[in-house]
Structure formats: structure tokens, C-alpha cells
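Hey, can you work out the whole structure from these sequences and the hints?
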Amino acid sequence: MNIGQYILSAQEMQECDNKTMTEHRMPSLVLMERAAMKVVEAITQEFPEANKFAVVCGPGNNGGDGVAVARLLHLKGMTVRCFVMGNPDKFTDQLKQEIAIAESYGITIENKFDETAIEQSSVTIDAMFGIGLSRGLGGDFEKAAVIINEKANKVVAVDIPSGYDATCGNLLGDAGIRADLTVTFAYMKKGLTLADCKVAAGKLIVADVGIYLNEADTNYDTIIDDAIVNHIKPRPVDANKGSCGKLLIIAGSENIYGACYLSARSALSSGAGLVKIYTHNNNTESIRQNLPEAMYLGYNEYNETELQSELNGADVILIGPGLGMDETSENILKKTLESATKPVVIDADGINLAAKNRELLIQAAKRIPVILTPHLKEMERLTNIKVSDININQEQVAKDFARETGCILVLKNHTTIVTDGKKTHFITSGNEGLATPGSGDVLAGLMASLIGQNATESTLITACAAAYLHGKAGAKASKIYGTKGVLASHIIDNFEKL
78 MNIGQYILSA QEMQECDNKT MTEHRMPSLV LMERAAMKVV EAITQEFPEA NKFAVVCGPG
138 NNGGDGVAVA RLLHLKGMTV RCFVMGNPDK FTDQLKQEIA IAESYGITIE NKFDETAIEQ
198 SSVTIDAMFG IGLSRGLGGD FEKAAVIINE KANKVVAVDI PSGYDATCGN LLGDAGIRAD
258 LTVTFAYMKK GLTLADCKVA AGKLIVADVG IYLNEADTNY DTIIDDAIVN HIKPRPVDAN
318 KGSCGKLLII AGSENIYGAC YLSARSALSS GAGLVKIYTH NNNTESIRQN LPEAMYLGYN
378 EYNETELQSE LNGADVILIG PGLGMDETSE NILKKTLESA TKPVVIDADG INLAAKNREL
438 LIQAAKRIPV ILTPHLKEME RLTNIKVSDI NINQEQVAKD FARETGCILV LKNHTTIVTD
498 GKKTHFITSG NEGLATPGSG DVLAGLMASL IGQNATESTL ITACAAAYLH GKAGAKASKI
558 YGTKGVLASH IIDNFEKL
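Take the sequence shown: its position 220, counted from the start at 1, is 297 in the numbering used here, and no numbers get skipped.
Misleading hints may appear alongside valid ones.
When the alpha-carbon atoms are kept at most 30 Å apart in a straight line, the in silico DSS-like pairs for lysine-lysine are as follows [to be verified]:
hint : residue 1 : residue 2
1    : Lys-310   : Lys-443
2    : Lys-275   : Lys-499
3    : Lys-275   : Lys-129
4    : Lys-189   : Lys-220
5    : Lys-411   : Lys-500
6    : Lys-454   : Lys-443
7    : Lys-476   : Lys-310
8    : Lys-411   : Lys-463
9    : Lys-463   : Lys-561
10   : Lys-310   : Lys-419
11   : Lys-549   : Lys-500
12   : Lys-454   : Lys-411
13   : Lys-96    : Lys-167
14   : Lys-476   : Lys-454
15   : Lys-167   : Lys-228
16   : Lys-189   : Lys-153
17   : Lys-173   : Lys-220
18   : Lys-411   : Lys-476
19   : Lys-561   : Lys-275
20   : Lys-231   : Lys-173
21   : Lys-353   : Lys-318
22   : Lys-419   : Lys-454
23   : Lys-275   : Lys-454
24   : Lys-275   : Lys-500
25   : Lys-275   : Lys-553
26   : Lys-500   : Lys-96
27   : Lys-318   : Lys-412
No wet-lab data here; the hints were simulated from the structure. These numbers come from a predicted model, not from an experiment.
And the structure:
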């Protein structure tokens, strides 16, 4: 099932490199040449006026890529200064070969880094360290990173900005390169989408250099792209509102109305056939006036019989947006987990209540699909892991929780991770415009709507589709209103055709 492109850890990418060179007999220098050509091609496209370059290389094969870049720019008539830092005795054989080739074309390879060259260059190219880095930059490399960050005009990173973990995106030491553009090779690296490195990488280009995975191997994780839209089933010509998903939204509380409104409007706008809101009585008049397309039922106190009847009539249940944390809300959450026979999407206060009722959550997930959509603070409550620790280990925390509970987890962040503990998918379609009140309510409504419509054959893939489309709608709204001006309702207004 093609729903996106493969996204690899550092280890997976290194194994792929090695396989290309051993099984397919592809010489390392050929791969370096291809990589360098792609970097130069990207520079020419992104910075067409640039004519003066500083290339800063390390002692490994990433440095070899950099030397090849310097040579190709030199041969295009550009002014290039190339620095290869570190102990020459520890240079890789491929780097030594690239240096010899460059020198044969009249390029002077300098060993001592010169910050003046950084200030005077149109573009600085970072080729100090690639995806194999496992510790922080130190010594002259750290100093170089600090100077480049302070004084470079534009920065292009080769494969990954130096200083970061290519799998989890963490800054490994005290300094790492901040790039305007990163040209990464063959496949996206997970670290480029996560933690510190996502900010540091700038614009990302994935360049084909002739390294390929076996397409029959489905063990790799994916970064979701437009291909997922092809897996959303169109509405049948003989559809009626009853056949397009009956959605029960349990949301809102005595003093909170907006969350249930946004999630319900999102669900209706994305194709849900019938939407019924079960909420506090204080909200029913507002629903009647502002969302006449939805049905509603109000309560003042917990009514088990009434709630059971509503649960029985739904094809999918969304619980949590604006629900509150009082005893009535907790009783409703408990009853839903105990009695639901159809998929349940849990968001916002529903997640906070579920954190207090973990065993019920686990038991429910054994019976039906349960999807949780936490942001990092809610994830902290679910796992007792600090937000700061989740942020630097997002994928693993998400997979561990999903595996332990049996739930599908949609962990919302600047890159959203969707996982069932076995397969993991990365969502990068959104931008900072999604950081607006009510954005999560919109996502929850969209997700429940698609699940209720049986939008795809897999609940996991449907969750991915919802997160991806939500991100695209937010990014589209940002172009209209600016990233600071996006409202949650703007996201709904910019839903793609489903």
C-alpha cells in the first residue's frame, strides 16, 4: 500500500548504503559524485545568484561529499574555499581520494578553518559530519559550527546538519549547524523531521543518488504524502446519511462550548452522515443556533442508561474535547471504555481522564479500535514521562505506549507520529499555523468522521489520512491568513476534497 515515502533511521540508511556498495557493486566514489552533483544542483536552483562559497568538511565520507561539491563548484567557475578539518591520519580512504582529485583540478585544500571565508561567502556548505555521528561536536568542529551559525549568509547542509542524531533529531552536544537548506540522500532520515534537527534543517530536499530499498520490503516506516488520499474511498452514488457514518461526539462541559462545536463542524464538513453531540445542557441552545446540521442531547448529571443508548446507536465515538475533569465526565469516560462496541477516538480531557483509568483503556483496546490524539503535555500525563524527554525521544515513547496499551496513538507535535506499536508513520504536512486553539478539536472531529465512513480499510491508515489532511488544511490556511492568523475554523474551511 503506497501511502508515502520510506523514512529511515541512521542504522537503516547505513545498511542501505552498504548493501548498495557490496551487493550491487556500486563504488563509494560514484555515490559521492552523484551526491555532490545533487547538492550543486540544489544550490544552483535555490541560490542562483551565489558565486562565492566556503565548503567546510570533516574527516569522514561526508567530508568527501563536501570536497566533491567544492570541485564541481570550482569547475563551474565559482570562487571556492575548501576546508578539510581534523587529523589527516584519520581521514577515510574515500575522502583522501576526493582530495587528490580536487587538487588535480587546481583546488587548494585548507586544513585550518578561516572564519573570514564564512563572512565573505554567499553560501557556506556544511559537510563536517553525516548520519553516523553519535556524539556532540567538540574542539574545532564545535567552534566552526558556532562561527557558521553567527556569520554565514546562507548555509547548505550535506545529508544532515552536523551535530544532530539522524534518528531522533536530538542535538548531541552544545552546538549544531543551523541550515537554510539540507540536501539529504536517497531517503528522508527520521531525525530531520524530529526534535532539534527539524528546526535546524531548514528546507529539505531528498535527492535520488542511486541507493534503493527493496520495494517489496514493507518493514520500513513511512512519511505520509499525497498518495494516502488515493486510499480514501469516495462516497458511493447510492449513499444516504445513515450509510455515511453515525458519529457520537461526547464533548463540552458546563462552561465550555467551543470544543464540541469545532469537532462536530469538522466531522460534518468532512463527510460524516449523522453527527450527534452529547453534551452538558448549557450547550444545547448554542448548538441549535450555530450548528443546526447536528443533533444533540444535553445532560446535567451522569445518566448511565441514557449514555448506553447513545453508545449503542453510533458507528464511531469521539470523546473528550472540552469535556472537563469532574466526576460526571470521568463516569462518562469510564462507561464509554467499558461498553463501547465501535471505534473510540479519545482527545483532550478524555485523554487526561484515560490517564487515570489506564486498565480500562487497555481492556477497551482489546475489544475495539481505540485511538488517542495527545499533544506532548497530555502524553506526559499518559506516561509519566516529562515533556522534555518525550520531545527528544518522540518515536520510541509513542511506539512503547501503543504497544503496551494496544491503542493507536496519534502523538501531535511539529511532526506528528501515528503508530500502533508495530508500524509508525510520520506526518509533516502541517506547519506552525496549526498551533492555534481548537486545532486539536478539528483533528479529532475529522478523524472520527473518516473512521465512521470506513474511509480506508485500516483504522491506522485512516488516522494517518486525517492527520495528513488536517496538516495540509492548516498549511493552506496559513497562506491565506499567515501562520499567526489561523483560527481553528479556518482549518475546516480549507479541508481538501475527500
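Legend entry - Unmet hints by their number, sorted upward, for this structure: none
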